[in-house]
Amino acid sequence: MVTECTEYGSIQDIMNKRNITEISKKIRIKFMIDGAKGISCLHLNGILHRDIKPDNFRVVTLDDNTEAKRKLTDFGSARNINMMIMLIKRKE
1 MVTECTEYGS
11 IQDIMNKRNI
21 TEISKKIRIK
31 FMIDGAKGIS
41 CLHLNGILHR
51 DIKPDNFRVV
61 TLDDNTEAKR
71 KLTDFGSARN
81 INMMIMLIKR
91 KE
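Residue 83 in full-length UniProt numbering is what sits at position 83 of the sequence shown, and the numbering runs on without skipping anything.
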């Protein structure tokens with residue numbers, strides 16, 4: 001598996017290296033919004049990530065004046081919900 005190298009690493013890396021008060025409240029809220037948008041996009045396309053955690057969100061920038069600059073990674077556990085439903089129906 002290949003993961004993009006980003007300047008700030010993952011959200012977990014930031015949490016480990018910095019005091020949370022060093023990150024503005026606006027940026028912390030953007031982390032949550034970006035994550036929710038990414039997960040929503042996956043779900044709308046029938047994909048379950050199945051490993052949502054701070055390590056799997058890469059941080060491209062901490063600039064609070066930019067649009068989404070966090071990326072969801074590590075799709076090794078992801079599954080297509082439509083395929084899962086088909087498998088369940090076959091077993092019935």
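Since the hints were derived computationally from the structure, they do not count as laboratory data.
Some clues are possibly wrong.
As the list claims (entries may be wrong) - DSS-like, lysine-lysine: derived pairs with alpha carbons at most 25 Å apart:
hint : residue 1 : residue 2
1    : 37        : 53
2    : 25        : 91
3    : 89        : 26
4    : 17        : 91
5    : 37        : 69
6    : 71        : 53
Hint check:
1. 37 <-> 53: 15 Å, holds
2. 25 <-> 91: Violated, at about 48 Å.
3. 89 <-> 26: 45 Å, violated
4. 17 <-> 91: 48 Å, violated
5. 37 <-> 69: 12 Å, holds
6. 71 <-> 53: 12 Å, holds
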